[in-house]
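Engineer: Below are the chains, spelled out letter by letter.
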Amino acid sequence: ETGVTQTPRHLVMGMTNKKSLKCEQHLGHNAMYWYKQSAKKPLELMFVYSLEERVENNSVPSRFSPECPNSSHLFLHLHTLQPEDSALYLCASSQDLAGSYEQYFGPGTRLTVT
Amino acid sequence: AQKVTQAQTEISVVEKEDVTLDCVYETRDTTYYLFWYKQPPSGELVFLIRRNSFDEQNEISGRYSWNFQKSTSSFNFTITASQVVDSAVYFCALSGPRSNSNSGYALNFGKGTSLLVTP
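Just so you know, the protein sequences line up as chains A and B, in that order.
Just add 152 to the spot in the first sequence (first one is 1) and you have this note's numbering.
Just add 63 to the spot in the second sequence (first one is 1) and you have this note's numbering.
Incorrect hints may appear among the rest.
To be verified - Below, a sample of chain A positions facing chain B; criterion: calculated Cβ distance under 8 Å:
hint, residue
1, 166
2, 167
3, 191
4, 212
5, 213
6, 242
7, 249
8, 254
9, 256
10, 258
11, 264
Unchecked claim - If you want the ones that stay clear, here's a sample from chain B, every Cβ over 12 Å from chain A, calculated:
hint, residue
12, 71
13, 131
14, 171
Stated by the list, open to error - Non-contacting residues of chain A with respect to chain B, defined by C-beta distances greater than 12 Å in every case (computed):
hint, residue
15, 200
16, 210
17, 215
18, 255
In case anyone wonders, no lab produced these hints; they're calculated from the structure.
A virtual CB, placed ideally from N, CA and C, is assigned to each residue, including glycine.
In isolation and in its complexed conformation, chain B is listed as follows (with noise of 0.2 Å):
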């Protein structure tokens, strides 16, 4: 079965310091993907990054950057110099083949970080 876990239900940080938000995954697939989502408070889920079990290349993307490891089945997003509008719930999720259901691939969430960045 797969399974994500957000160990971290809320954090509040000070505008302009860093914070990592943990996301841990279990599978027992050897391809699967990673992905993070964004939710502000307006409700939409905004796509931010997709990870491939094969590419344990660390992202950076302006201040947001991903830890992938797979020796500990993490996924760890960091926001350096947060900013106010960084507040939102973000989510870690997990895609891997299902092979009980025609439709290929699930994709499992984690219960979600609430993030509030405070001026």
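In isolation and in its complexed conformation, chain A is listed as follows (with noise of 0.2 Å):
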């Protein structure tokens, strides 16, 4: 595998659900991201990790929840999710933080709530 893997690619999940979505990087990057993509809305940023540290958490509600097991992994856990939580869902990666650096991204997550 090379680069930015995701899994699932799609989801469809009831409200009362729990999941998680997975995000693997290949590129030997400190910093992993997840971002949302709604249809008509800019790319919202939701959590920034560095070295398997949350970094940033852009008011995002409790029901997802973030983890980094290691710099290589970046997991999505969702729980009693909306309907307008049905969106597209990115990770990304990056050499490090510094603004410099681009970020690479994963083919991402359809997910679709019931």
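Take the two lone chains and join them into the complex the hints point to.
Structural biologist: Written out as structure tokens, the structure is:
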């Protein structure tokens, strides 16, 4: 595997379900990110991790819970979601947090909450 | 505050036409970075180019070229002789230091321009 991978690619869940999104980067990067992409909206940064430590949480509801067990893996745990949480969730990584480094994105998980 | 404006929501061209995607940014920082990403229908954002605020040289990469003008706060992207495979959503993004966060830099995306190239 190369680059940034995400699983699953598609997920349909009910409002009472609990599920997790997984992201893995094979680039040796130190920073990882979760973004939400909804229709007609700009990409929204949700969480930022640097060397497994969360450095930013952009007022994301607690029904989204990130986990970064090591610098290569990032999870987003989901529980009691709302229909408006349906979106494309993108994971990204970069060499570190410096703004000069580009972010590399995974293919995303298309989430539908019913 | 930082802001990126991509005024063109959708553009449709016929194959082999040239097309320019506009990007205008706002920032008070003297050090910042500008990026372009391509998002094909598969969903993955693909990094295309990075420019820092001190380098106003234009860049050409094959059929792609970028025009960075600090005087007008613009970082426009031109595709020459467009092809069907260029159909995608293109995002311009601005990265600059954040004073109220431990994350150092924030990457602010525009809303994207959807480009459709038809045969």
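Engineer: Among all the numbered hints in the text so far, which are the ones the structure does not match?
Structural biologist: 1, 2, 3, 4, 5, 11, 14, 15, 16, 18
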